[in-house]
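Asks: Listed below are the residues making up each chain.
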Amino acid sequence: MDAEITPCENRGGASIASLLFPGTGACMGDLLSVENLKKSFPGVLAVADVSFSLRKGEILALIGENGAGKSTLSQLLGGAIRPDSGRIVLEGREVSFASSLDAIHSGIAMMFQELSLIGGLSIAENIFANRQPTGALNGIKWKKLYAETADFLKRFNVSMDPRQVVKRLYKGDQQILEFLKAMSTNPKLLILDEPTSSLTETETAYLLENIRALRSQGMSFLYITHKLSEVFKMSDRVIVMRDGRYVGVRNTSECTEGDLIAMMVGREITNIYTKRSAPRGNGECLRVEGFTRRDAFVGASFRLEHGEILGLSGLVGSGRTELARAIFGVDRRDAGMVFLEGREVQISTAHEAIRRGIAYLTEDRKDLGLFLNMAIRDNLIAPSLERFTAPTGFMKNRAIGDFAAARVKEFSIVTPSVYKKLNKLSGGNQQKCLVATWASTDPKVIFLDEPTRGVDVGSRADIYAKIEELSGRGIGIVIISSDLPELLGMCDRILVMHHGRIVGEVPRADFSEELILSYATGVKSS
Amino acid sequence: MNSTIESRSRNLREAARSVLAFRESILILVLIVAGIAMTIASPVFLTWPNIEAILLGLSVEGTIAVGMVILLVSGGLDLSVGSTLAFTGVVCGLALVAGIPTAPAIVLALVAALAVGMVNGLMIAKLKMNPFIITLGMMITIRGLLLVIAGGRAVLDLPASFNAVGQGRLLSIQYPIFVVVILVIVGDILLRNTRFFRQNYYVGGKEQAARLSGIKVDFIKIFNYCLIAVLSGVSGLMLTARFGSSSVTVGSGVELRVITAAIIGGASLNGGEGSVLGAFLGALFMGVLANSLNLLGVDVYWQNLVTGLMLILAVVFDMINEQRKERGR
Numbered sequence: 001m002d003a004e005i006t007p008c009e010n011r012g013g014a015s016i017a018s019l020l021f022p023g024t025g026a027c028m029g030d031l032l033s034v035e036n037l038k039k040s041f042p043g044v045l046a047v048a049d050v051s052f053s054l055r056k057g058e059i060l061a062l063i064g065e066n067g068a069g070k071s072t073l074s075q076l077l078g079g080a081i082r083p084d085s086g087r088i089v090l091e092g093r094e095v096s097f098a099s100s101l102d103a104i105h106s107g108i109a110m111m112f113q114e115l116s117l118i119g120g121l122s123i124a125e126n127i128f129a130n131r132q133p134t135g136a137l138n139g140i141k142w143k144k145l146y147a148e149t150a151d152f153l154k155r156f157n158v159s160m161d162p163r164q165v166v167k168r169l170y171k172g173d174q175q176i177l178e179f180l181k182a183m184s185t186n187p188k189l190l191i192l193d194e195p196t197s198s199l200t201e202t203e204t205a206y207l208l209e210n211i212r213a214l215r216s217q218g219m220s221f222l223y224i225t226h227k228l229s230e231v232f233k234m235s236d237r238v239i240v241m242r243d244g245r246y247v248g249v250r251n252t253s254e255c256t257e258g259d260l261i262a263m264m265v266g267r268e269i270t271n272i273y274t275k276r277s278a279p280r281g282n283g284e285c286l287r288v289e290g291f292t293r294r295d296a297f298v299g300a301s302f303r304l305e306h307g308e309i310l311g312l313s314g315l316v317g318s319g320r321t322e323l324a325r326a327i328f329g330v331d332r333r334d335a336g337m338v339f340l341e342g343r344e345v346q347i348s349t350a351h352e353a354i355r356r357g358i359a360y361l362t363e364d365r366k367d368l369g370l371f372l373n374m375a376i377r378d379n380l381i382a383p384s385l386e387r388f389t390a391p392t393g394f395m396k397n398r399a400i401g402d403f404a405a406a407r408v409k410e411f412s413i414v415t416p417s418v419y420k421k422l423n424k425l426s427g428g429n430q431q432k433c434l435v436a437t438w439a440s441t442d443p444k445v446i447f448l449d450e451p452t453r454g455v456d457v458g459s460r461a462d463i464y465a466k467i468e469e470l471s472g473r474g475i476g477i478v479i480i481s482s483d484l485p486e487l488l489g490m491c492d493r494i495l496v497m498h499h500g501r502i503v504g505e506v507p508r509a510d511f512s513e514e515l516i517l518s519y520a521t522g523v524k525s526s
Numbered sequence: 001m002n003s004t005i006e007s008r009s010r011n012l013r014e015a016a017r018s019v020l021a022f023r024e025s026i027l028i029l030v031l032i033v034a035g036i037a038m039t040i041a042s043p044v045f046l047t048w049p050n051i052e053a054i055l056l057g058l059s060v061e062g063t064i065a066v067g068m069v070i071l072l073v074s075g076g077l078d079l080s081v082g083s084t085l086a087f088t089g090v091v092c093g094l095a096l097v098a099g100i101p102t103a104p105a106i107v108l109a110l111v112a113a114l115a116v117g118m119v120n121g122l123m124i125a126k127l128k129m130n131p132f133i134i135t136l137g138m139m140i141t142i143r144g145l146l147l148v149i150a151g152g153r154a155v156l157d158l159p160a161s162f163n164a165v166g167q168g169r170l171l172s173i174q175y176p177i178f179v180v181v182i183l184v185i186v187g188d189i190l191l192r193n194t195r196f197f198r199q200n201y202y203v204g205g206k207e208q209a210a211r212l213s214g215i216k217v218d219f220i221k222i223f224n225y226c227l228i229a230v231l232s233g234v235s236g237l238m239l240t241a242r243f244g245s246s247s248v249t250v251g252s253g254v255e256l257r258v259i260t261a262a263i264i265g266g267a268s269l270n271g272g273e274g275s276v277l278g279a280f281l282g283a284l285f286m287g288v289l290a291n292s293l294n295l296l297g298v299d300v301y302w303q304n305l306v307t308g309l310m311l312i313l314a315v316v317f318d319m320i321n322e323q324r325k326e327r328g329r
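If you read the protein sequences in the order shown, they are chains A and B. With the numbering used here applied, the first sequence closes on residue 526, and no number is skipped along the way. With the numbering used here applied, the second sequence closes on residue 329, and no number is skipped along the way.
Wrong hints could be hidden among the right ones.
As the list claims (entries may be wrong) - Here are the in silico distance ranges between beta carbons for each label pair:
#, chain 1, residue 1, chain 2, residue 2, range
1, A, G283, B, D318, 47 to 57 Å
2, A, K38, B, G297, 24 to 34 Å
3, A, E514, B, V315, 53 to 63 Å
4, B, I320, A, K171, 31 to 41 Å
5, A, E352, B, L46, 41 to 51 Å
6, A, G135, B, L127, 39 to 49 Å
7, A, V165, B, I320, 32 to 42 Å
8, A, G522, B, T194, 51 to 61 Å
9, A, D510, B, L269, 33 to 43 Å
10, A, K171, B, L127, 53 to 63 Å
11, A, K38, B, L269, 49 to 59 Å
What the hints assert, rightly or not - Chain B regions said to be covered by chain A (calculated; three or more residues, Cβ under 8 Å):
#, segment
12, 65-79
13, 209-216
Simulated from the structure, these hints should not be mistaken for laboratory data. Glycine included, every Cβ here is placed at the ideal spot set by N, Cα and C.
Between the sequences and the hints, there should be enough to build the whole structure, so can you do that?
Replies: Written out as structure tokens, the structure reads:
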């Protein structure tokens, strides 16, 4: 679908750029070629025998499921780790990087996910970290530093104060700053690893626009992403990896989403969404009335049937997550009532919500959802501790073991043992654990906030099948998601929020991306 | 078939490991080896009076360590334990000297300790203050308060009925040894197996996630600070009774020794890790080390040096182990 709305004006960019910037190597126009690159960690072959080339002035997308070896490959190219064997040829010369600094000097920079910023320092010091202009006795020339930073920011149309301390910036702005920091080294190749994952729509648009402009100036990009829509919107060619191996390369304009998914998973997934029949109408499960909190959400009311899957759409910052958290009792509300199966319930803590049968699966798996340093079994029981406690206060270890083993099997979580710590699992398996954890609280209603963010296609299909199964058991389900195809594929009905208000309600019969976006952007309201 | 057996034996191994962690096994091994070596090196080491001396010396650190390791698991920290220990002793001593009978005096002193823990807990849980700063402030404040109320003097001439608490014997073993051994056994079982105490691992593992899981994070934190304050109080009373006097300077530095013991025993300042048994073994290790150096005639000044090195070694060992596992992904 996304392929159709993709602007095509840059499709020929690669060949034009290669004429403008002829390569010096054997192959005309190749900036970088990678030959038989290999890297293994104890027990894992992370990158096995990968070869590909990257042209000048090209955006080459790199896709693959979690654990396919994309990040390892990018770290090899960025100099963060060294390959076991294989060659990296940059502009016809073989290179070998001892560090990221080496790679930067050779013209390969990486954009990090806000890992490399130092919160307590100014924007200027972050961008020119370790490269500040210095004078006598190595003292920093502050005026010059700020002036140069201001010039630099202006070149990228960014209106930030170079003196601003980074930790006071919004998350999205920090991500933009990461991009600028990488750009300040004047790279020939910039490696981007999920660059838009924490950006709002405006920031994403800004970033993508800049990337396109830089491409037309002859810069190259390796663009790692989970979002297929971005692949079609941005890239000239796309390479696919699976299990550490190179699967193939395609011209983006000549392939479909289905082709890429098939390459990624190694099998055909025709439709990862299960087919929904009409809503069952099993009576009211949850009713929310007049939920209001200043500056977050206003007068939000909705109704949810047993077994219904309700979508909650809206742009980031529209109040979706805030509303769900307030219903779950972890955040304050100024007004509003919750009715479960027709009876009003008072909920002011997560503990009460769980006891009443409301579950909330957070969007922030790593920071709010999971105990990454703890075993799978301990995670699975976290919200259900009381159920596994004997009247004496002791934990029922045997019951916990059986329960955990059953859940691991039921949710097809790939792990050798339930004692494995969660940070040893892939993102997809972690997310399955999170879904399993909350589905096991015996809920009447379950809020799923971004249930498949950063999750590979195979795990997504598993999670969707589970959601469908939960709904079949009569559990009311609310899916909050920024992924429109996901909502359109899964839901019976979609509510759209804009500036803290529920501005639209769309039944399945009327589903269209255009309609939902027009509500979400405030163009339309009912 | 084979793979089922394999996976079963692996599960058994992992289960065994979860009961007796790697660190604890190593500490037990080290203690046994050191014990054998010392028995050969010194005829005095394996005699009851010497072992009793080691255990008696441990009774203060061991008791507080039970509370400290629970606190560390939940991601907290208490530096005010030494001050609370002295505070409890002085409050009890003053009450006794003023003519209050033994039992009410003990209760009064423990309530005073509880109050300190309550203030710590409320400030840290409700006002979201940093535990290091708050308890450091409390440590200095209480020590100052003691100097003000007791005028820098020790409280002497306590009644014999009170001194019996610290000096009495059951089966010819002094009470404080019973207290610490029972606390360690009970504490270990509770922290390992009961829901209430296991919640600490969740709170220390990730506080926000624990909150979203419906765990009453604030209550657990406040409880932990109260618990460690009362345990410090118990130590203070035992010490006061043993000496028959309470001094305002007693217990200084005990907080760092207790934290050291807990970390040698496998706890982490980042929370989410540790066991009561480990912390006790850590304390025992430090006690045996000091005793051994003593018996071998090594200058007393070496003790700190060796303890410090052991702490650093334990942490370095942890880090290497962690990184090795990281790379194994």
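Asks: Are the hints correct? Go through all of them and say.
Replies: Now the hints, each set against the structure:
1. G283/A x D318/B: 47 to 57 Å: holds, 55 Å
2. K38/A x G297/B: 24 to 34 Å: violated, 59 Å
3. E514/A x V315/B: 53 to 63 Å: Given a distance of about 58 Å, which is inside 53 to 63 Å, the answer is holds.
4. I320/B x K171/A: 31 to 41 Å: holds, 34 Å
5. E352/A x L46/B: 41 to 51 Å: Given range 41 to 51 Å: violated, Cβ gap about 57 Å.
6. G135/A x L127/B: 39 to 49 Å: holds, 46 Å
7. V165/A x I320/B: 32 to 42 Å: This hint holds: roughly 36 Å between Cβ atoms.
8. G522/A x T194/B: 51 to 61 Å: Given range 51 to 61 Å: holds, Cβ gap about 53 Å.
9. D510/A x L269/B: 33 to 43 Å: Violated, at about 56 Å.
10. K171/A x L127/B: 53 to 63 Å: violated, 26 Å
11. K38/A x L269/B: 49 to 59 Å: At 39 Å between Cβs, range violated.
12. 65-79: violated (count 0)
13. 209-216: With 8 residues closer than 8 Å to chain A, the segment 209-216 of chain B meets the three-residue bar; holds.
In summary, the structure is inconsistent with hints 2, 5, 9, 10, 11 and 12 from the numbered list given earlier, while agreeing with the others.
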